[in-house]
Amino acid sequence: QQQVKQSPQSLIVQKGGISIINCAYENTAFDYFPWYQQFPGKGPALLIAIRPDVSEKKEGRFTISFNKSAKQFSLHIMDSQPGDSATYFCAASLGLNAGGTSYGKLTFGQGTILTVHP
Amino acid sequence: SQTIHQWPATLVQPVGSPLSLECTVEGTSNPNLYWYRQAAGRGLQLLFYSVGIGQISSEVPQNLSASRPQDRQFILSSKKLLLSDSGFYLCAWSGGTPMGEQYFGPGTRLTVT
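Residue numbers (the numbering used here), protein chains in the order written: chain A, 1 to 118; chain B, 1 to 113.
Hints should not be assumed to be uniformly reliable.
Cβ pair distances, simulated, as ranges [what the hints assert, rightly or not]:
hint	chain 1	residue 1	chain 2	residue 2	range
1	B	Q45	A	I113	12 to 22 Å
2	B	A40	A	E26	19 to 29 Å
3	B	Q45	A	D53	26 to 36 Å
4	A	A45	B	S84	40 to 50 Å
5	B	K79	A	I18	42 to 52 Å
If you're looking for bench data, these hints aren't it; they were derived computationally from the structure. All C-beta atoms in this analysis are idealised placements derived from N, C-alpha and C, irrespective of residue type, glycine included.
One chain only, chain A, in its complex shape (with noise of 0.2 Å):
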């Protein structure tokens, strides 16, 4: 019930193109989906994040689709450029409100690998 599905583990998008990544999860009380951004040899770099109180989020060419009744949300990047080529992590967590014993506690996809093309 702890597990986040990530998909799809890669893909190819040419530049200029909108990039699609989805994530589904099971335990419903997750309530913080935050998508992560790393480069080969780097931490993960925090994206964009979104609370369950809200279908979209947008900064910049990053939106976030949320989709509660499904159990799933997505990454949209528009616009996708080389420097976008990446691996993706989508993850899960309680917050850190649920009766003080999930401390934020991330659960993380598997990642997919996004290679934009010029």
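Given the coordinates of chain A, work out where chain B should sit on it, guided by the hints.
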């Protein structure tokens, strides 16, 4: 602003040798601290987390241990390394905000030979 450091950046150790990886956070106080392991460049597994000095919770039984001797210092240790301990070790911190945003350090690449 907050900064998280990890060292060493890379480490090659023989099987059976001890391990000590260090993580420190600057610019914040009383952070939650986390150790993750990433194998083969995919998937992060939470190993330990700490909500205060001397308070350590283990997520996965294994050959590793963690300690938090100071508020902003988190150490990952092993008495005897196994081949399966190889991986990319990441430290993260969160500042106790309602969203619980976690920020990762640069990582340590450990190769056990």
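Now for the hints, and whether the structure bears them out:
no.	hint	result
1	B:Q45 <-> A:I113: 12 to 22 Å	18 Å, holds
2	B:A40 <-> A:E26: 19 to 29 Å	24 Å, holds
3	B:Q45 <-> A:D53: 26 to 36 Å	29 Å, holds
4	A:A45 <-> B:S84: 40 to 50 Å	28 Å, violated
5	B:K79 <-> A:I18: 42 to 52 Å	50 Å, holds
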